[in-house]
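Trainee: Dock chain B against the given chain A, drawing on the hints supplied.
Each protein sequence line maps, in turn, to chains A and B. Going by this note's numbering, the first residue of the first sequence is number 1, and it counts up by one from there. Going by this note's numbering, the first residue of the second sequence is number 256, and it counts up by one from there.
To be clear, the hints were calculated from the coordinates, so they are not data collected in a lab. Yeah, the Cβ is synthetic: ideal placement off N, Cα and C, and Gly gets one too. Misleading hints may appear alongside valid ones.
Claimed, not checked - The calculated lysine to aspartate or glutamate pairs, modelled on DMTMM-like cross-linking and capped at a C-alpha distance of 25 Å, are:
{"#": "1", "chain 1": "B", "residue 1": "LYS591", "chain 2": "B", "residue 2": "GLU581"}
{"#": "2", "chain 1": "A", "residue 1": "LYS197", "chain 2": "A", "residue 2": "ASP33"}
{"#": "3", "chain 1": "B", "residue 1": "LYS768", "chain 2": "A", "residue 2": "GLU119"}
{"#": "4", "chain 1": "B", "residue 1": "LYS768", "chain 2": "A", "residue 2": "GLU82"}
{"#": "5", "chain 1": "A", "residue 1": "LYS224", "chain 2": "A", "residue 2": "ASP33"}
{"#": "6", "chain 1": "B", "residue 1": "LYS603", "chain 2": "B", "residue 2": "ASP513"}
{"#": "7", "chain 1": "B", "residue 1": "LYS768", "chain 2": "A", "residue 2": "ASP61"}
{"#": "8", "chain 1": "A", "residue 1": "LYS73", "chain 2": "B", "residue 2": "ASP774"}
{"#": "9", "chain 1": "B", "residue 1": "LYS591", "chain 2": "B", "residue 2": "ASP434"}
{"#": "10", "chain 1": "B", "residue 1": "LYS568", "chain 2": "B", "residue 2": "ASP605"}
{"#": "11", "chain 1": "A", "residue 1": "LYS197", "chain 2": "A", "residue 2": "ASP182"}
{"#": "12", "chain 1": "A", "residue 1": "LYS197", "chain 2": "A", "residue 2": "GLU215"}
{"#": "13", "chain 1": "A", "residue 1": "LYS197", "chain 2": "A", "residue 2": "GLU242"}
{"#": "14", "chain 1": "B", "residue 1": "LYS568", "chain 2": "B", "residue 2": "ASP548"}
{"#": "15", "chain 1": "A", "residue 1": "LYS197", "chain 2": "A", "residue 2": "ASP225"}
{"#": "16", "chain 1": "A", "residue 1": "LYS73", "chain 2": "A", "residue 2": "ASP168"}
{"#": "17", "chain 1": "B", "residue 1": "LYS768", "chain 2": "A", "residue 2": "ASP80"}
{"#": "18", "chain 1": "B", "residue 1": "LYS768", "chain 2": "A", "residue 2": "ASP81"}
To be verified - In silico contact screen, one side only, chain A against chain B (beta carbon under 8 Å); selected entries:
{"#": "19", "residue": "ASP81"}
{"#": "20", "residue": "THR104"}
{"#": "21", "residue": "LEU115"}
In case you want the letters, here they are:
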Amino acid sequence: MTTEAALIAVHDVTKTYAMEGAPVHALRGVSIDIHAGEFVAVVGPSGSGKSTFMHILGCLDRPTSGRYLLDGKDVSHLSDDELSAIRNRRIGFVFQGFNLLARTSALENVELPLLYAHEHRVSPAARRQRAMSALTAVGLENRAEHHPNQLSGGQQQRVAIARALLNDPAILLADEPTGNLDSRTSIEVMDIFQRLKEERGITIVLITHEPQVAEYGSRIIRFKDGRVVADHPNASRRAAAEELAAVAAGSPEET
Amino acid sequence: MFNRSTLAIAVRALRRNRLQTSLTIVGMTIGVAAVLAMIAIGTGAEAAIEDQIRAAGMNLIVVTAGNYKVKATDDFGGGAVEPSAALRHDSHSEVAQDSSVAQGSSVVQGLSVAQGFSPAFTTLKGRATAVIDFVLPTLHAHPEDDPMEKHDHPTARQRLGDSEAGLGSAATLTSADADAIRGIRGVQYVAEGLHQNVHVKAGDRRWFTRLHGADVRLPLIRRAWTFRGGRFFNAGEQSRAEQVMVLGSVAAQRVFGDENPVGRDVAIWNQSFRVVGVVTTTSWMVAPAPGDDQFDAVYIPFSTVHRLLNLAKLNDITITAASTGEVSRIMGDVTKLLRSRHQIGDDKPDDFTVTTQARQALAKGGMRPDVARAVVGNVAGLEKVTLEQLGKTLDRATRTMTALLAGIAAVSLLVGGIGIMNIMLLSVTERTREIGIRRAVGARARDVRAQFVAEAVALSVTGGVIGVVAGLVAAQGLSRYLQWSTTISASAVVLSVGVAAAVGIFFGWYPAKQAAGLDPIQSLRYE
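The following block holds chain A by itself, in its conformation from the complex:
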C-alpha cells in the first residue's frame, strides 16, 4: 500500500478552526490511503471530524497542515479555481439533504455540473442528452421534468446521484446519504453505490453514523476526536442487491 499507487493519499492532515475563544481542532493528524475502486465507510460520532475529513477529500476545504495527494497530485494548496475544477471533474457529491435546486426540474438539476465544465464545453443539446441518460441510469427517465418537491426522498437522492455522476468522476463522496431516507430506500441507494463500485470501479467514500449502513462498505474507518481509531476491511459486507431481492420476495405488494 504505497502512497504513489493510492488514488487518495492523506498524510498527517490537521484542520483547526479559529473559533472565538479556544481554537477547534477538527482533525488532529489523519493519514489514510484510499485506492481506486474501494468503497470506504467512514463512521464516528458527531464532532469526530469525519465531515471535515470529507470536505477536505472533496476539495471543498483545505487542510491546515499535512498533505493531500489526489491521484498523486498535491491539492492541499491549490487555488479556489483549481479546486473548483477538480470538484467538477473528479468528484461527485451526495448529501443527506439531497441539495437539489428548488423549483428546478430534475433534468436541469442533473445538468448542473456540465454548466461549469469550463475545460470542455458542451452544447445545450448534448447537455440535455447526457443528463437524460444519467437520469435513465438511476431509473428516473420519466421524472425528468418533475421538480424536487414533486419527488419522493429516494427519488430526490437518485437525482442527486445522477448529478454527482454526470462528469464521470473518479470519486463519489456521500455525506449521510441515507440520513433522510427510510430503510427500504436506504438499501436502494446502497445498491446503486455497490453497483457503481463493481460495474464502473468508482471509488466511494461514505460518511455515516449508522453502523449498519457502514456495513455495505468494503472497508470501514472509524473516527474519534479528530483521529482515526480504527481502519479495517469489512469482513461482514452486506449486499444490497440480495437484500432488495429478499424484501421484494417477502412483500411483493411493495414496489
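Mentor: Here is chain B on its own, set in the frame of chain A:
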C-alpha cells in the same frame, strides 16, 4: 465573463422567483421611462426653440442676383465699365432689343387676346425662342448675362414691370446655380425665386400685389406657413410649368372676399391661373397685413414665370441651413461655389449678394411692427448677433433644461438601481444553499459572481427595455394630449438602455461579490 450558459443560469434563477423579479423590473422600468420621457421633453423643447428660430428665418440665407455694393459707385457715372465690356454690352443690347421686339409683340399679342392662350401667342413665343436659340450660339451669352448690369434696357423694365429694378434684377442666377447649392453640406432646402409686382384679377375685382415665382420647397422654408385651404403647388406642376397659383391670405381676402378661392380661376398678364391653395401663418409673431411680402402676395411656380415671360434667370435663391450654427460656413461655401460657377476671377467682385435673412425675415416677414422694432431696432449687426449668439444662447438654455430634467429622472433610476441591489442582496441570503450546491458541483467563485451580476443586468436591461417602450408611449402621450413637443432620438434610447445595464452592473456587483465570497461548506449547511 458572461457566456450563454451564465445568462441561461441567470434567467432560470430569475424565473424561479417571478413576483420578486417582476417587481424589481417595474422599479427599473419606471426609472428608465422617466429618464427617457424627460430627455424627450428636453430635446423636444430644444427642437421647438430651434424651430422658432428657423420660423423667424434665423437659418435663412438669401443669394440675390447682382451686387449693389459694387454697382452703387457708378450708378450715376457709369464709368466703371471697361471699354471692352461696354462694347460687348452694346452688342448685347442690340440682340436684347432684337429679341424683345419679338417678345414685346408676343406680349402685345397676348394682351389683345381676351383670355388665356391663343394659338398665335404660342406660335409667336415659339418664334421668339427660336430667335434666341439662333442668336445664342454666336454670342455665347444670354442677353441677361451681364453680371453687373441692372436691367435698365427697355425690355427688363417692361418684363419685370418694376421701374425700381435694382438689387435682384441683375441676371446672374440660374436654376443650375440653385441645384449646385443643393449639393453643399449642411444645406437643408433651396428655393428659386422670381419676384414681380402684378395685377391679380378675378371677375371684376383687381388687386395689385407681389408675385413670387417660387419653388415647391418654399413651404418647407417658411416653417410658420399653414394652408387655410388647398395646398402648395406640387413638383409635377412646377416641372410642367403649369398655371397654378397659391394665394397669400391677404391677397385672397382682397380678391375673393370671404369666398373660398381654391379651384377658382384668377388672371395675371391676362393669363388664367387656377388657385390651388391659400396660405397663412401660425406664428404669433407674424400678422398678415396688406403690403407685406408673404401674405399680400401670390405664388406660382418659377418655371411658369420663366415660360410665360421667357426668362431664364432668377432674382434670388433662398437657402436654409439645417443648423443655425452653420449659417456663416454655408454663406462662405455658397459664395465660393457661385464665384467658381460664374468664373469670376480673384480680382473681380461677386456678381451676386449673399445675405442672411435674419433682419429681412424679421422686418419683412410680416412680423408685428412693435416686435420687429424691438428685435431689429435694438440690435446693431443683427445678423451676426442673432445667428451666432442668440442661437447658441438658446441652445445652452435648453440644454441646461434637458440636463435638469434628466437629472431629476436619474434619481428614479438610482432608486430603481437600489431596488435591484436590495433584491439581489436578499437573493444572496435566500439562495445561500443554492450557491453552496453550485460551488460543490464545480462552480468557481467567479462563476457565482458572474451569475449574480448577470441576473442584476438581466433585471435592469429587461426593465430598461420595457422602460424605453413606456417612455416612448409617455412622450407620445405628452405630445398628443398636452401639446408638448417631444423628441426621442435613437441615441437617447441607446443611452437609456446602456445606463440601465450600467446600473445593473453597478448595483449587482456588491451582492455578487458577497455571493462569490461565501464559504461553500457554510452555504451547503445553511438552512
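Trainee: Hint THR104/A vs chain B: min CB-CB distance below 8 Å?
Mentor: holds, 7 Å
Trainee: Sort out whether ASP513/B lies within 25 Å of LYS603/B, counting only the CA atoms.
Mentor: violated, 53 Å
Trainee: Holds or violated: LYS591/B with GLU581/B, Cα cutoff 25 Å?
Mentor: The hint holds at about 15 Å.
Trainee: Hint check: LYS768/B vs ASP61/A, CA-CA at most 25 Å. Holds or violated?
Mentor: Distance of about 20 Å is within 25 Å: holds.
Trainee: Can you confirm whether the C-alpha distance between LYS73/A and ASP774/B stays at or below 25 Å?
Mentor: Between LYS73/A and ASP774/B the Cα gap is close to 24 Å, so the pair holds against 25 Å.
Trainee: LYS768/B and ASP80/A: Cα distance at most 25 Å?
Mentor: Status holds; Cα separation ~15 Å.
Trainee: Straight-line Cα separation of LYS768/B and ASP81/A no greater than 25 Å?
Mentor: Between LYS768/B and ASP81/A the Cα gap is close to 15 Å, so the pair holds against 25 Å.
Trainee: LYS197/A and ASP182/A: Cα distance at most 25 Å?
Mentor: Holds: LYS197/A and ASP182/A sit about 23 Å apart, inside 25 Å.
Trainee: Holds or violated: are the alpha carbons of LYS197/A and ASP33/A at most 25 Å from each other?
Mentor: Within the cut-off at roughly 17 Å; holds.
Trainee: Hint check: LYS197/A vs ASP225/A, CA-CA at most 25 Å. Holds or violated?
Mentor: Roughly 29 Å between the alpha carbons, so the hint for LYS197/A and ASP225/A is violated.
Trainee: Does GLU82/A sit within 25 Å of LYS768/B, going by the straight-line distance between their CA atoms?
Mentor: holds, 19 Å
Trainee: Decide if the proposed pair is consistent with the structure: LYS197/A and GLU242/A, CA atoms, cutoff 25 Å inclusive.
Mentor: holds, 16 Å
In summary, the structure is inconsistent with hints 6 and 15 from the numbered list given earlier, while agreeing with the others.
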